[in-house]
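Enquirer: Chain by chain, the residues run as shown.
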Amino acid sequence: MDIDDERFYERGPRPSDVPEGTPWDAWTIALWPVEELAGLGAGEGDAETQLAYLAAFGLLAPTTHNTVPQRFELLPDDAGLRVWLDRRDVLADSDPTGRQAVVSVGCVLANVELAAQSVGLSARVETHELAGESLRPYDGEGDPLVGLATVHFSSADPSSAPPTEWRELMRRRKMVRAEYDRAPLPDALVEELDAATAAHEGLGLHLITDGPTKLFLGKFQELADATVINREGFARELGHWLLANDDPSDRGMRGWEFGLALEPARRFHLGLKGELSLLPDETAGFAKAGNIGMRSASAVGVLTAAADDAEHWLTAGRVYQRIALVLLREGFVAAMHAGITEVTAPNMALRGRLRTRSRPVVVFRTGRPVHPADGQRPHASRPPLASVLLG
Amino acid sequence: MEERDASTTWGVPGAGLRPLLLDAASAHASNVVQYEDDGTVQLRHEAVGERRIPLRRQVPCIRATFDDLNKALSRLANSPRLADGRSLRELYDEEAARYDELCVNAASEGRFEPDYGTYVFDPREEVLYLVAPKMWHRLALVTSNSKLLVDPAGALSWAQIRERLEGAVVGFAGVSVGGNILEGWLREARPQQVKVADPDWVELTNFNRGERMSMRHLAQSRAARFDPRNPYDVPRVSKAAYIAHESLLVDPYTEFFVYEQGITRDCIDRFLGGEGDEPKIDVLVEEMDDLDLKVYVREQARRHGVDVLMLSDFGHRAHLMWNPFRADPQAILGHAVGDEELLAKLAATKTGDRSKLPEFIEALCGEASFGGPFKDWLEGVGEQPTGSLPQSGATAMASGAIGGKELALHVLGHPPPPGNRIIYNLLDRSAKA
Chain A
0 MDIDDERFYE RGPRPSDVPE GTPWDAWTIA LWPVEELAGL GAGEGDAETQ LAYLAAFGLL
60 APTTHNTVPQ RFELLPDDAG LRVWLDRRDV LADSDPTGRQ AVVSVGCVLA NVELAAQSVG
120 LSARVETHEL AGESLRPYDG EGDPLVGLAT VHFSSADPSS APPTEWRELM RRRKMVRAEY
180 DRAPLPDALV EELDAATAAH EGLGLHLITD GPTKLFLGKF QELADATVIN REGFARELGH
240 WLLANDDPSD RGMRGWEFGL ALEPARRFHL GLKGELSLLP DETAGFAKAG NIGMRSASAV
300 GVLTAAADDA EHWLTAGRVY QRIALVLLRE GFVAAMHAGI TEVTAPNMAL RGRLRTRSRP
360 VVVFRTGRPV HPADGQRPHA SRPPLASVLL G
Chain B
0 MEERDASTTW GVPGAGLRPL LLDAASAHAS NVVQYEDDGT VQLRHEAVGE RRIPLRRQVP
60 CIRATFDDLN KALSRLANSP RLADGRSLRE LYDEEAARYD ELCVNAASEG RFEPDYGTYV
120 FDPREEVLYL VAPKMWHRLA LVTSNSKLLV DPAGALSWAQ IRERLEGAVV GFAGVSVGGN
180 ILEGWLREAR PQQVKVADPD WVELTNFNRG ERMSMRHLAQ SRAARFDPRN PYDVPRVSKA
240 AYIAHESLLV DPYTEFFVYE QGITRDCIDR FLGGEGDEPK IDVLVEEMDD LDLKVYVREQ
300 ARRHGVDVLM LSDFGHRAHL MWNPFRADPQ AILGHAVGDE ELLAKLAATK TGDRSKLPEF
360 IEALCGEASF GGPFKDWLEG VGEQPTGSLP QSGATAMASG AIGGKELALH VLGHPPPPGN
420 RIIYNLLDRS AKA
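Chains as they are written, first to last, in numbering that gives the first Met the number 0: chain A, 0 to 390; chain B, 0 to 432.
Since the hints were made in silico from the structure, they are not lab data.
Idealized CB from N, CA, C, for every residue including glycine.
Check each hint, because a few of them may be wrong.
When the alpha-carbon atoms are kept at most 30 Å apart in a straight line, the in silico DSS-like pairs for lysine-lysine are as follows [as the list claims (entries may be wrong)]: (1) B:355 / A:218; (2) B:404 / B:279; (3) A:287 / B:355; (4) A:272 / A:218; (5) B:374 / B:349; (6) B:146 / B:431; (7) B:146 / B:133; (8) B:374 / A:218; (9) B:355 / B:431; (10) B:349 / A:218; (11) A:272 / A:287; (12) B:279 / B:133; (13) B:355 / B:374; (14) B:349 / A:287; (15) B:431 / B:374; (16) B:146 / B:279; (17) B:70 / B:133; (18) B:374 / A:272; (19) A:272 / B:355; (20) B:431 / B:404; (21) B:374 / A:287; (22) A:218 / A:287; (23) B:374 / B:404; (24) B:133 / B:404; (25) B:349 / A:272; (26) B:146 / B:404; (27) B:70 / B:146.
Which residues of chain B face chain A? A partial, calculated answer using Cβ under 7 Å [what the hints assert, rightly or not]: (28) 224; (29) 260; (30) 351; (31) 387.
Given the sequences, and given the hints that come with them, work out the whole structure.
Expert: Below is the structure:
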């Protein structure tokens, strides 16, 4: 595929939280004017480039462990973008059903939809028929790629209200895994988040703001993290994706995103992989940080799904990402906590605490960093767009 | 929902863990407490609804209280004198005689109990206690302490000492080791009011050091589950509420101010300075795990002029430290390092570098705080079964005793130890100021 994505990105000084180097180029994406994309639904302009540009926003979406499992197929003849899951990037130990990978692709879809809306396009998501088995980590059998959804673009009604500029929020959004300042969420914001969820049947949003329940969630997040770290397979997998700060990889999570200095980040990377011995208090401290983070949140959000299937996972991801961007618009950052949704004990406990029989699929916390410097931790890296385009 | 939140409803007497106190005379007159012919009590109260309490769940304590006081109170001339000139023993004799007479009258009328004392309904166990009036119940709790504690000049009478100890308000932030110190303080002083704050819940791994912890507090009952069959749905019990509950089963007349969400930036001023009917505190006992909060509450205590006591159980060492903010509003937050350095060391603990934790602790608590097996743990030497700081049950208990005594001495006007710090080494069996 011959797409000149060089012109997607801005050159020049970068924001302080976007390190130099190609792994962070994705965060310098330019905000093209509406005119550049207005003709997408009408067959005007270079549809392939226009679609690739929208896919570049899909690349900014959060993914579990920053595995970047999404792949994009450009459908210029149909003004569409098909989003695939590459099962080779589904985490074998911590995500054996592929749930978190599909939630991640849901976040990708949201970014693509909202980026299109930002330039006045209408975006319609068509979810494909999904069989649960086909989403599991790739084991060498069958096709590693699974098409999850296609986004169809068309021109929006010119009389509609000026679009929200979501793209700028996407460029700024990142996971901020820090202690927050417990500032309450404005009522109007809560209502907007509720409405964003209610638009999708089968999903529920529990926004938890009371201290005892946040404590509960903090303790169970700690339990989930401790479980993950103390299980060899989980730990090795986490070690593979939790990288040293100076690692050149264009995927994975660097220690600095968790507030770790150079040497501790290296120790965790090697220690979790089993290449050096971590002391019990080091791993306990790592788990404890999640607990403190939960308790410090302005709110902890739990998205529950009426059915534990791929369609609901995908929708939960779409809703989460929209929520994260709305929160950012209002000055609140967020961090996802997949452990509590994927480890059985805390997940079942959470259902009890929430008084629900629906499965928690996404758990996140939101707030403002109590130490402003924590909000300036670097963005996660991303691979080049070309590497995730199919065809 | 109410049952789920049973440990988080301290504001409602008779719900969760907070006992309901009812004046016996009023309860009888209003039929809030009514005896059936077989002795079963009908308890009707808006907080608890309607309960039938069988005989096996009724514990009348008043006769035992008077019997025990009778044995303990001195008949000799040195029985403490009260404000009206009568001796404590004389007062007791009058009250015991009055109670006897009331009992006789009640029996002659076929009643189970006279209009005397206070009913205490424990909602957790659904037991109805009947206890002696406040003065007599509380007197029995301190009688054995005699007059062992005196002011530095030895000038205060027993009654004056009791007044000082009863009137002091100590706030406990963190009630794991802090619960031991609370126990020491309650046994030594039997104060009228106390504040406890802890956001955590009781865990079985706390039991090696948790005062009065037992299986009763490990989890709430199956009734509190949303789905009784969900084995993972285990509502837990607030540490602050449990310790208040247990303490109130010793002295139901103590007024506990319970902060189940722990100390936060939102409530710190109320905790330290009081608000409305809630008194300010005289001393803060700081026993929290959260390093940020340890520094923050000291900053706020200094602003309020409240002294801070901390007992740190470093392995076999009980490490006592005072921040004398009342006498010295400029006193540093830590020990022997300036505030700026302390804050820098606090920030350094957040980078994941485990060597920064002991550096911060030494800045807060002073040099040579660690030693022996605890130092080995810090340095990663040898086997480590736990990821959290190791804590010896007996050291925690000793810390409670030392802290309780220290608080009582402080309230009676004894100065803090030289340098505001003492290290009791239970392994070497030594103490060093």
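Enquirer: So, against the hints stated earlier in the document, which numbers end up violated here?
Expert: none
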